[in-house]
Amino acid sequence: MLIESVNIFLLALLAVTAIAAVRLRDLFAVAMMFGIYSLLAAVMFVLLDAVDVAFTEAAVGVGISTVLMLGTIGLVGRYERGSVRSSLLPLTVVVATGATLIYGTLDMPHFGDPTAPVHQHVAPAYITESPQQTGIPNVVTSILASYRGYDTLGELAVIFTAGVGVLALLGLRRRKRPGKEGVGQ
Amino acid sequence: MTIAGLYNYWIVILLMMTGFYVVISSGNLVKKIIGLNVFQASVFILYISVGKMSGGRVPILQEGVSDYSNPLPHVLILTAIVVGVSTTALGLALVVRIREAYDSVEEVEIHQQDESL
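Residue numbers (our numbering), protein chains in the order written: chain A, 1 to 185; chain B, 1 to 117.
Hints in this document: simulated from the structure, not taken from any laboratory.
In this text, all values refer to a predicted model and were calculated from it rather than measured experimentally.
Zero decoy hints are in this set.
With a Cα cut of at most 25 Å, we get these calculated DMTMM-like pairs of lysine to aspartate or glutamate: (1) B:Lys32 x A:Asp26; (2) B:Lys32 x B:Glu106; (3) B:Lys32 x A:Glu80; (4) B:Lys32 x B:Glu115.
Build out the structure end to end from the sequences listed, making use of the hints.
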């Protein structure tokens, strides 16, 4: 019961943080809100038994993403200009999409239901067979590094491509305004 | 019971729609990318929520424990987090480049400059 209460509390905090990030116009504050949001998400992951995901999110989501955002804000300016457009159309689209998605959840298995289809098929096979096949007690590690090693290699290709893209966009040219750079050089 | 059982999904949808709203309504390109990241993190929470089993343990095998939460969503989301930060970095680099070319990161001003060419 304690876990359920903490779960409800954390999700409420996440919602508050996200809505605060929408309303703020100072991008520095928005980036900080995003950092808090990611950290709360990492705490959620610990609660939901996903410890590997939690520390990746804490390192990458809270650390690297926020640093990248702050670096960009340092280069492009801190304040968002007030919107001149009406927010009615986006609000309508968002509410309609949200209502459709909520309708879609109505016949989903309930949270934590042990009889849900997701717990019946492939996962038990990995849990019972991976210790004999790989000798690693952490099932997430054995799937990531052994069974799905090629997927992880593909992930590295994505990171490499993104790195090449960032270098091509920013790194290999002379800058027009030498005073503006500072981060990411 | 329905509300308690579906509460996670509904809050996740609220978070998703918050991120979506920022992406389509904000004129500032940096804020759009932050909105995209909020959306993305909410999808992570959705997947991990689906993998949770009541009474299940962290999927690190030990003696005397038979119920574990589903490790497959964890693996998928680990990959997604890392890919997500790569795309964020690329997007932010594009924003910096746009700022150099147009001297602005506001959509309205960029469109004005394009039209006046």
